[in-house]
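Trainee: Hey, can you piece these two chains together into the complex? The hints should help.
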Amino acid sequence: EAQVTQNPRYLITVTGKKLTVTCSQNMNHEYMSWYRQDPGLGLRQIYYSMNVEVTDKGDVPEGYKVSRKEKRNFPLILESPSPNQTSLYFCASSLLGGANTGELFFGEGSRLTVL
Amino acid sequence: AQSVAQPEDQVNVAEGNPLTVKCTYSVSGNPYLFWYVQYPNRGLQFLLKYITGDNLVKGSYGFEAEFNKSQTSFHLKKPSALVSDSALYFCAVRDGWDGGYQKVTFGTGTKLQVIP
Chain R
582 EAQVTQNPRY LITVTGKKLT VTCSQNMNHE YMSWYRQDPG LGLRQIYYSM
632 NVEVTDKGDV PEGYKVSRKE KRNFPLILES PSPNQTSLYF CASSLLGGAN
682 TGELFFGEGS RLTVL
Chain S
106 AQSVAQPEDQ VNVAEGNPLT VKCTYSVSGN PYLFWYVQYP NRGLQFLLKY
156 ITGDNLVKGS YGFEAEFNKS QTSFHLKKPS ALVSDSALYF CAVRDGWDGG
206 YQKVTFGTGT KLQVIP
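So the protein sequences, as listed, match chains R and S.
Residue numbering for the first sequence follows our numbering, beginning at 582 and increasing consecutively.
Residue numbering for the second sequence follows our numbering, beginning at 106 and increasing consecutively.
With the rest of the complex left out, here is chain S (with noise of 0.2 Å):
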């Protein structure tokens, strides 16, 4: 079965710095990882996506997420967050087995609080 696993329920972090928010995954084969965004009252966005190739993926709004295959680890990250940022963070994973469609799990979600 697989899992993803958001260590932090809240990340705070000052604006202007940098940002991290973990994630951690288990799948039996090639996984497909996502990162997605949360604002309040709203629906989740799809921010960034690792399918294979090269371990440092950008994506929408200045973010970008690290693949390590060793660690099983997906981290998001932005070099200097900004307030705007403030929202609830889900990763995501899948299978990348190509036998049709393949169930996506979600962490527990990590809320970014960015401080002014």
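Bound-form chain R, shown alone (with noise of 0.2 Å):
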């Protein structure tokens, strides 16, 4: 089945201690991206790849890191968690070149509570 797999799901922690959010997709797409759904804000993106080791910021980028060292995962990191950065994350990917019309595929979500 094709599918974005996030983990963790659920996650409080508290600040300062570096967490990492998990993603994989199995659709052997080129283009992965993370954001963030925060109320009343919609979907902002945090970074996007598209393709491996080629990494760029999206609009909010303070505070997180991104790797992508094979093509199927592009895991998210906060170094330094704060209360600001509680809110929903997801992952998506798609195609890019000629098949690429933006259609995305995205995870399930993490919700990510900073204490």
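Simulated from the structure, these hints should not be mistaken for laboratory data.
Since the model is a prediction, treat every value here as computed from it, not as a measurement.
Honestly, I wouldn't trust all of these hints.
[Said to hold, decoys possible] DSSO-like mimics (lysine-lysine), calculated; alpha carbons at most 27 Å apart, straight line:
| id | chain 1 | residue 1 | chain 2 | residue 2 |
| --- | --- | --- | --- | --- |
| 1 | S | 216 | S | 174 |
| 2 | S | 154 | R | 638 |
| 3 | R | 638 | R | 652 |
| 4 | R | 652 | S | 216 |
| 5 | R | 646 | S | 154 |
| 6 | R | 646 | R | 598 |
| 7 | R | 650 | R | 599 |
| 8 | S | 127 | S | 208 |
| 9 | S | 182 | S | 216 |
| 10 | S | 208 | S | 154 |
| 11 | R | 638 | R | 598 |
| 12 | R | 638 | R | 650 |
| 13 | S | 208 | R | 650 |
| 14 | R | 638 | S | 208 |
| 15 | R | 650 | R | 598 |
[Said to hold, decoys possible] Ranges of calculated distance between the beta carbons of each label pair, as one might list FRET restraints:
| id | chain 1 | residue 1 | chain 2 | residue 2 | range |
| --- | --- | --- | --- | --- | --- |
| 16 | R | 664 | S | 218 | 29 to 39 Å |
| 17 | R | 651 | S | 110 | 17 to 27 Å |
| 18 | R | 595 | S | 133 | 39 to 49 Å |
[To be verified] Negatives, chain R to chain S, calculated, CB over 12 Å:
| id | residue |
| --- | --- |
| 19 | 599 |
| 20 | 600 |
| 21 | 644 |
| 22 | 653 |
| 23 | 658 |
| 24 | 668 |
Backbone N, C-alpha and C fix where the C-beta goes; we use that ideal spot for every residue, glycine too.
Mentor: Here it is, written out as structure tokens:
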């Protein structure tokens, strides 16, 4: 089954304790991206990657890091989480090139609470 | 810069009645337009898209959307609402310029409540 898998789905942590949210896709998509969803703000892009070892900032990258060492994986790293990073996070992927119309495939989301 | 506006935070409609969820957009080139749906505690799911061609596009679960270039709108519609359609709906746009990956911009979402 084609899917984007995120883990953990739910996490409560404390300020300053490093955490990683994993994302994996099995569709051989070149493009992967992280979004955060906050009430009234919709989805805002954090980071994206157009291929292995190619990453770039989105609209709200502060406080986050990413890496793309393998095509299928795109982890989101919070080196020192703060309460303003409490949010619902989504990983998404899509094709690039001629087949790309921008349609995104989303994971189920990771709800993060930073105390 | 491209943008998407969903002017209604919430739309209420009676079951069996037609529904419309509004979306307007701004993009410099030709727009690629999308609707996604999000059910509680789930990720976003693709509903339909407009790339080119017929202004009326049909998608999943009986939804359709009408592209109106002069009004820069892409409203989501369904002839007869079901209670199970209750969810959060997002409109999205990207610039259709074929120069590699183009960013997809999302609206703030509209909560659809179908009343039995």
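Trainee: Give me the numbers of the hints this structure contradicts, sorted from smallest to largest.
Mentor: Hints 4, 5 and 17 contradicted; others consistent.
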